[in-house]
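Participant: The lines below spell out each chain.
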Amino acid sequence: DGGITQSPKYLFRKEGQNVTLSCEQNLNHDAMYWYRQDPGQGLRLIYYSQIVNDFQKGDIAEGYSVSREKKESFPLTVTSAQKNPTAFYLCASSPTGTGGAGGYTFGSGTRLTVV
Amino acid sequence: GQNIDQPTEMTATEGAIVQINCTYQTSGFNGLFWYQQHAGEAPTFLSYNVLDGLEEKGRFSSFLSRSKGYSYLLLKELQMKDSASYLCAVRDSGGKLIFGQGTELSVKP
Numbered sequence: 001d002g003g004i005t006q007s008p009k010y011l012f013r014k015e016g017q018n019v020t021l022s023c024e025q026n027l028n029h030d031a032m033y034w035y036r037q038d039p040g041q042g043l044r045l046i047y048y049s050q051i052v053n054d055f056q057k058g059d060i061a062e063g064y065s066v067s068r069e070k071k072e073s074f075p076l077t078v079t080s081a082q083k084n085p086t087a088f089y090l091c092a093s094s095p096t097g098t099g100g101a102g103g104y105t106f107g108s109g110t111r112l113t114v115v
Numbered sequence: 116g117q118n119i120d121q122p123t124e125m126t127a128t129e130g131a132i133v134q135i136n137c138t139y140q141t142s143g144f145n146g147l148f149w150y151q152q153h154a155g156e157a158p159t160f161l162s163y164n165v166l167d168g169l170e171e172k173g174r175f176s177s178f179l180s181r182s183k184g185y186s187y188l189l190l191k192e193l194q195m196k197d198s199a200s201y202l203c204a205v206r207d208s209g210g211k212l213i214f215g216q217g218t219e220l221s222v223k224p
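If you read the protein sequences in the order shown, they are chains A and B. Residue 115, in this note's numbering, is where the first sequence stops; the numbers in between run on with no holes. Residue 224, in this note's numbering, is where the second sequence stops; the numbers in between run on with no holes.
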């Protein structure tokens, strides 16, 4: 079955460390997205990519980096420059284009905690 | 700027009907989505509106007025399992989804 896989489900980071969150999809979707969710809040866009080898900053890109070397993969690195990284991170993918009822397919999320 | 507003929380009784409102101001509009999210889980798709009017899907209905920048999600015959956060999202001209802060719905017996 096609889907989108995030790993790990839980991640603990020490102060000053970089960590990378994995996101893989086998839906043949061109576009992929990373969102951050804080308790009681909606989803805020970190980075997105609409095609391989290209990506754009979202609303809260500072302290994060991404790569899109393969269509299936869109890893997110939370760098030491991100001062408040504890949050729930969601990866999503979608077909290209701006029309139709095709919204996002979400991964199951990664909960990152700084210890 | 881009802004999507929904109430922070609502409470309703099992078996009743509840309406969750969403107003939006975005750069470009290519559809409005409603998602359900249980705590600690990924959002799941509920409904999609791109033309004005009501879309019905079982116990859930969603309404859109593009001229007013307004949508609502209507939940009928509420069940305890409907306790969750409900996210309103607008797809902008670039195809990205912009989310509201979510409405936490508590269903009480």
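No lab work stands behind these hints, which were simulated from the structure alone. Glycine included, each C-beta is placed from N, C-alpha and C at the ideal position. A couple of the hints might just be wrong.
[What the hints assert, rightly or not] To give an idea of the chain B side of the interface with chain A (calculated C-beta under 10 Å), a few residues:
#1 Glu124
#2 Gly155
#3 Gly173
#4 Phe178
#5 Ser180
#6 Glu192
#7 Met195
#8 Ser198
#9 Lys211
#10 Phe214
#11 Gly215
#12 Gly217
Participant: Now tell me if each hint is right for this structure.
Facilitator: Verification of the hints:
The restraint placing glutamate 124 of chain B at the interface with chain A holds, with a minimum CB-CB distance near 9 Å, inside the 10 Å limit. Taking 10 Å as the C-beta cut-off, the interface hint given for glycine 155 of chain B holds, the closest approach to chain A being about 7 Å. Hint status for glycine 173 of chain B: violated, given a least beta-carbon distance of 16 Å to chain A, over 10 Å. Among the interface hints, the one on phenylalanine 178 of chain B is violated; its C-beta lies about 16 Å from the nearest C-beta in chain A, farther than the 10 Å criterion.
Interface hint status for serine 180 of chain B: violated, as the beta-carbon distance to the closest one in chain A is roughly 19 Å, over 10 Å. A distance limit of 10 Å between C-beta atoms decides the matter here; for glutamate 192 of chain B the minimum to chain A is near 25 Å, and the interface restraint is violated. With its C-beta approaching chain A no nearer than about 21 Å, methionine 195 of chain B sits outside the 10 Å limit, and its interface hint is violated. With its C-beta approaching chain A no nearer than about 15 Å, serine 198 of chain B sits outside the 10 Å limit, and its interface hint is violated.
At its closest, the beta carbon of lysine 211 of chain B sits 6 Å from a beta carbon of chain A; the interface hint therefore holds under the 10 Å criterion. Given the 10 Å rule on beta carbons, the hint for phenylalanine 214 of chain B holds: about 4 Å separates it from the nearest Cβ of chain A. Given hint, glycine 215 of chain B at the interface with chain A, holds; its Cβ is 5 Å from that chain's nearest Cβ, closer than 10 Å. Satisfaction of the interface hint for glycine 217 of chain B is found here, the shortest Cβ-Cβ separation to chain A being roughly 5 Å, below the 10 Å cut-off.
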